Amino acid sequence: MASSAQKPQHHHHHLPTPFGATAAPPPTPSTQPNLSSESTTPDFLSHLLHRLPPALSLSLPTRRSSPLSSSSSSSYAPATVIPPLISLSDPTPSLHSTLLSAATQHGFFHLTHHPIPSHLPLSAESVAVSLFSLPHHQKQLLFPNNWPLGHEIEDDEDSVATPGAESFCLDSSCSAGSTNDLDLDPLREFTREMEKLGLKVLEELASAVGFENPAPEGLQSQLWISGGTNKPGRVYPYVLGLHYQIRSQKQSLLSDSGWVSVSGRTESVLVTLGDIAQVWSNGKLKKVRGRPSPSLDDANNNPHCIMMSLLITLPIDSTVSPLIPDLVENEEGGEHYSVNNNREQRLFNSFSFEDYAWRIYYEHLHLKDPLVRYRV
Numbered sequence: 017m018a019s020s021a022q023k024p025q026h027h028h029h030h031l032p033t034p035f036g037a038t039a040a041p042p043p044t045p046s047t048q049p050n051l052s053s054e055s056t057t058p059d060f061l062s063h064l065l066h067r068l069p070p071a072l073s074l075s076l077p078t079r080r081s082s083p084l085s086s087s088s089s090s091s092y093a094p095a096t097v098i099p100p101l102i103s104l105s106d107p108t109p110s111l112h113s114t115l116l117s118a119a120t121q122h123g124f125f126h127l128t129h130h131p132i133p134s135h136l137p138l139s140a141e142s143v144a145v146s147l148f149s150l151p152h153h154q155k156q157l158l159f160p161n162n163w164p165l166g167h168e169i170e171d172d173e174d175s176v177a178t179p180g181a182e183s184f185c186l187d188s189s190c191s192a193g194s195t196n197d198l199d200l201d202p203l204r205e206f207t208r209e210m211e212k213l214g215l216k217v218l219e220e221l222a223s224a225v226g227f228e229n230p231a232p233e234g235l236q237s238q239l240w241i242s243g244g245t246n247k248p249g250r251v252y253p254y255v256l257g258l259h260y261q262i263r264s265q266k267q268s269l270l271s272d273s274g275w276v277s278v279s280g281r282t283e284s285v286l287v288t289l290g291d292i293a294q295v296w297s298n299g300k301l302k303k304v305r306g307r308p309s310p311s312l313d314d315a316n317n318n319p320h321c322i323m324m325s326l327l328i329t330l331p332i333d334s335t336v337s338p339l340i341p342d343l344v345e346n347e348e349g350g351e352h353y354s355v356n357n358n359r360e361q362r363l364f365n366s367f368s369f370e371d372y373a374w375r376i377y378y379e380h381l382h383l384k385d386p387l388v389r390y391r392v
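For the sequence shown, the working numbering gives the first residue as 17, with consecutive numbering after it.
Be a bit skeptical, because a hint or two may be false.
As the list claims (entries may be wrong) - Computed spacing ranges between beta-carbons, pair by pair:
(1) Pro232 with Pro386: 23 to 31 angstroms
(2) Ser149 with Asp201: 37 to 45 angstroms
(3) Asn229 with Arg263: 17 to 25 angstroms
(4) Gly274 with Thr128: 21 to 29 angstroms
(5) Glu228 with Asn162: 27 to 35 angstroms
(6) Ser191 with Pro131: 22 to 30 angstroms
(7) Ser223 with Pro151: 41 to 49 angstroms
Please keep in mind that the hints were generated in silico from the structure rather than gathered at the bench.
Everything numeric in this text was worked out from a predicted model, so none of it was measured.
Idealized CB from N, CA, C, for every residue including glycine.
Produce the complete structure using the sequences and hints provided.
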């Protein structure tokens, strides 16, 4: 069974705007919410507001809640957490037990005894660093902005003097817009190996938790490269995030319990569970919103440090819904489990992945969990 019900294919052409952002596609029947007669006006207006380009949405609350870039960050110290350690070479029962514990209690963990050779991330990092050294016009030529793919420098809302988060989002083939002397093969090989690892982890996680394992053709992967800042940057929904730990450095991430600082472990892979995984599990799993970013001290000591994250995500025309078999539809006054047959109740309504992705991408990291509106 596929991971999400696929809608008919719509080819949106996201046109650049005079503000340097990417314009929203024109509304189509496939992206319109089902509006009841009682809430047609407010829901429709909310939908339109969320699809405005960011430059036209100045009245929307888009301030980030990250303590990383705040002037008061010196007085705010996120709790330091040592992620659970999971070995991919453990016997299946032990692997599933530790996966289930880490996923339901934290939403992130360090993975060891994986097949990623240590030289591969170093080669990929060397190429990634060179991307930031390219002239701006060449970055735009090689990696044109086609949401969410391409090169982007995010406007800094906190300081005019401080540059915003710069990032590259590449597809699984690390495609470039034109030919040049830049050799992207190390990035491509790194992306392929991380994608294989991510699919393996997802298979084991689905078995451990009890949700249906999506078919690979129902998934997509993206390589996000961020650098030169300790700001969290843009957010894109995902199932799993894999972040190879080249060095032992602290990273900050936004978990369900708030901002935490996680210790690094050299040559391990930090795995984060995303919002889509939480919906698929019908709320059983904890999640991490967005991608990890360097802790304040590490980013200040090394302003040129970069982060490479492989995201396992969905095709843009997907529908997101719980993948737990035999869920019971919610009944008024019902509990999480049916008294009669002990079947689990559905905790999330189905929703459009495209609309959700567009909204959280341009609203940054929310003060409120963006999945709240989809809970039953």
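To see whether the hints hold, each was checked on the structure:
no.	hint	in the structure
1	Pro232 with Pro386: 23 to 31 angstroms	holds, 27 angstroms
2	Ser149 with Asp201: 37 to 45 angstroms	violated, 18 angstroms
3	Asn229 with Arg263: 17 to 25 angstroms	violated, 33 angstroms
4	Gly274 with Thr128: 21 to 29 angstroms	holds, 27 angstroms
5	Glu228 with Asn162: 27 to 35 angstroms	holds, 31 angstroms
6	Ser191 with Pro131: 22 to 30 angstroms	holds, 25 angstroms
7	Ser223 with Pro151: 41 to 49 angstroms	holds, 48 angstroms
The earlier numbered hints that this structure contradicts are 2 and 3.
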